[in-house]
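Protein sequences appear in the order of chains B and H.
Numbering-wise (UniProt numbering), the first sequence opens with residue 1 and increments by one.
Numbering-wise (UniProt numbering), the second sequence opens with residue 1 and increments by one.
Each hint should be verified, as a subset may be incorrect.
What the hints assert, rightly or not - If you anchor each label on the Cβ, the simulated ranges turn out as follows: (1) Thr176/H - Gly113/B: 53 to 63 Å; (2) Gly133/B - Gly130/H: 53 to 63 Å; (3) Pro189/B - Ser137/H: 15 to 25 Å; (4) Gly130/H - Val162/B: 39 to 49 Å.
Derived by calculation from the structure, the hints in this document are not laboratory data.
Here the structure is a predicted model, which means the values were calculated and not measured.
The C-beta atom is built at its ideal place from N, Cα and C for all residues, glycine as well.
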Amino acid sequence: MPKRALSLSRVAIYATLLAACAVYLIPLLIMLLTSFKTPDDIRTGNLLSWPELFTAIGWIKAWDSVGGYFWNSVKITIPAVLISTLLGALNGYVLAMWRFRGSQLFFGLLLFGCFLPFQVVLLPASFTLGQLGLANTTSGLVLVHVVYGLAFTTLFFRNYYVSIPEALVSAARLDGAGFFTIFGRILLPMSVPIIMVCLIWQFTQIWNDFLFGVVFASGDTQPITVALNNLVNTSTGAKEYNVDMAAAMIAGLPTLLVYILAGKYFLRGLTAGAVKG
Amino acid sequence: MATLELRNVNKRYGSGLADTLKDIELSIDDGEFLILVGPSGCGKSTLMNCIAGLEDITGGAILVDDADISGMSPKDRDIAMVFQSYALYPTMNVRDNIAFGLKMRKMAPAAIDDEVARVAKLLQIEHLLGRKPGQLSGGQQQRVAMGRALARRPKIYLFDEPLSNLDAKLRVEMRTEIKLMHQRLKTTTVYVTHDQIEAMTLGDKVAVMKDGVIQQFGTPQQIYNEPANLFVASFIGSPPMNFIPLRLQRRDGQVWGLLDSAVGVAGSAHCELPLGALEAGMENREVILGVRPEQILLGAVEGQPSIRAEVEVTEPTGPDTLVFVSLNQTKVCCRMTPDAAPQIGESLVLRFDPDKALLFDAQSGERLGLLGKTSAAERASTVTPFRGR
Ligand SMILES: Nc1ncnc2c1ncn2[C@@H]1O[C@H](COP(=O)(O)OP(=O)(O)O)[C@@H](O)[C@H]1O
Ligand SMILES: [Mg+2]
Chain B
1 MPKRALSLSR VAIYATLLAA CAVYLIPLLI MLLTSFKTPD DIRTGNLLSW
51 PELFTAIGWI KAWDSVGGYF WNSVKITIPA VLISTLLGAL NGYVLAMWRF
101 RGSQLFFGLL LFGCFLPFQV VLLPASFTLG QLGLANTTSG LVLVHVVYGL
151 AFTTLFFRNY YVSIPEALVS AARLDGAGFF TIFGRILLPM SVPIIMVCLI
201 WQFTQIWNDF LFGVVFASGD TQPITVALNN LVNTSTGAKE YNVDMAAAMI
251 AGLPTLLVYI LAGKYFLRGL TAGAVKG
Chain H
1 MATLELRNVN KRYGSGLADT LKDIELSIDD GEFLILVGPS GCGKSTLMNC
51 IAGLEDITGG AILVDDADIS GMSPKDRDIA MVFQSYALYP TMNVRDNIAF
101 GLKMRKMAPA AIDDEVARVA KLLQIEHLLG RKPGQLSGGQ QQRVAMGRAL
151 ARRPKIYLFD EPLSNLDAKL RVEMRTEIKL MHQRLKTTTV YVTHDQIEAM
201 TLGDKVAVMK DGVIQQFGTP QQIYNEPANL FVASFIGSPP MNFIPLRLQR
251 RDGQVWGLLD SAVGVAGSAH CELPLGALEA GMENREVILG VRPEQILLGA
301 VEGQPSIRAE VEVTEPTGPD TLVFVSLNQT KVCCRMTPDA APQIGESLVL
351 RFDPDKALLF DAQSGERLGL LGKTSAAERA STVTPFRGR
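The whole structure should be built from the sequences, with the hints applied where relevant.
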């Protein structure tokens, strides 16, 4: 193609892309700006105006009210993400490499789990948690997230592992390696891209979860999403938009950070089937 | 160093499926090289996996040094396998790939280093030890895969189509190298291929398989000279054996087969082949005459049946020229030296050695043994040796 100055179609493409960017970025910008404004500034100024004075007061107040819940979320999310990823990897390994009688059916049922709406599992899950004595505990919420996430993590790993030649496992068996050695020494080191996909996916799902958090936790075990909702919805006193915005930013930052750190693996893992070499 | 014996081995993958292996009976001596050859999908890999213990057999027994190993797990069988896809561990470098099996067997680190060095030297891959499989060419990966098998010094090597992913030139080189390696190490080996040249050149014994059934098991010479049926005869040999339909006739207490080249020269366009003494039921029977391309010779010789035919196509291949004529309305290939090769349309005289001709039943495809013919051993010794290309 000749290297021409912007053709009409190019202009159209860039314009569309810029518009799409704006749709996503302008609200973020407004949030960020508002979080650094003083309440007076917010009341008098316009939404998009630059803060008259940058102040961290909103952030400090926000952290005071949701900081504890932030750590709740950390305590829920990290174990739930790690456990569901590890179990998903093991499940996927078995389903792809050690097929047993009925394993296809098992996989089919598991897939079904991906399509279960959250609402459907609420009652059975709360009953089960009650029976286990885990109601309103962090461990209970971790358990629910692990169980619900397993369908997805298993699917990720199973689909990744079926693209790896079975001969690799056969060779390792002949070399004398057992079930867990093959998993740990041969397959896991090959799984970095899909582990990243799984971690990001699960982290985003669990950190952002509101419904399970509101149903299965209460008081000081609640995750930050619930705390944010409570903060924003309080009807007493004047609305402190700077605090709301800062709290929302605090709630959203970890997922953003995870995506920035591991995002390149996410794309690579979703597109690459088999890794060669 | 071990003998291997398969007794009545059966394999069925699922209860609803047909048998993939049916009553496989094979045995090879210590240090022998067995070739398993057959078209793709006939069950060669399945049989290898069964011997290695990667798949359970559903009947029969597998014996190594006269001990039944069919219940053992793969790691206890002391068998190493080279896979068609090489199956190198992608995240380990070449050294770790070779050492993995030794580590799993708890060998001392110093001994592992020595063993890796020995194997690397043997296969000339010393300079590759630090590389990952992804940084190697196909031929180098192939060597590493062999190195991994060699390192454990197992009782038996299994090779499942190890050369089929290599280009033609490398394949020929590696074939020779594998043969040299086997002559040096003398380890009992089972080698799967669908390449009939590999089958003829590498093996002490050849088993030809089709649809999970061993069609014939013997030395390469037996397979080539006395194929048990039409399938074996057509599968082994390149260009393949000619199959000419015939009706058997009786004269003077003998069986004769009539060939007709339909060339408009009276008399010489027909030829009667004496095919042995008459047996009951042979008369008027439809059979198939099998003649290898190099067994059809140019020019008439007293006492040997000959026929005049017209050249339809010639294919110069370099070392020989293939000449195609029609006999009994069937295209027949004759292999000739390029100097003697005729032109298209030329008419020439071809002669046959009736002793070397084979007869097959037209229905069952089984080879017919005829009375009064030279014995198999005699015939084998007079046949022109196979020329692989
Ligand atoms: N794991 C399996 N489950 C079911 N059928 C199989 C399995 N592996 C191989 N087969 C079937 O067994 C037959 C022989 O396959 P294979 O041993 O791979 O043939 P080859 O190596 O001679 O090409 C094929 O028909 C194949 O479909
Ligand atoms: Mg195969």
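How the hints compare with the structure:
1. About 56 Å separates the C-beta atoms of Thr176/H and Gly113/B, a value consistent with the hinted range of 53 to 63 Å.
2. About 55 Å separates the C-beta atoms of Gly133/B and Gly130/H, a value consistent with the hinted range of 53 to 63 Å.
3. Distance hint check: the CB atoms of Pro189/B and Ser137/H are about 23 Å apart, consistent with the given range 15 to 25 Å.
4. Range check, Gly130/H to Val162/B: about 31 Å between beta-carbon atoms, so the 39 to 49 Å window is missed.
Comparing the model with each numbered hint stated earlier shows that hint 4 is the single one that does not hold.
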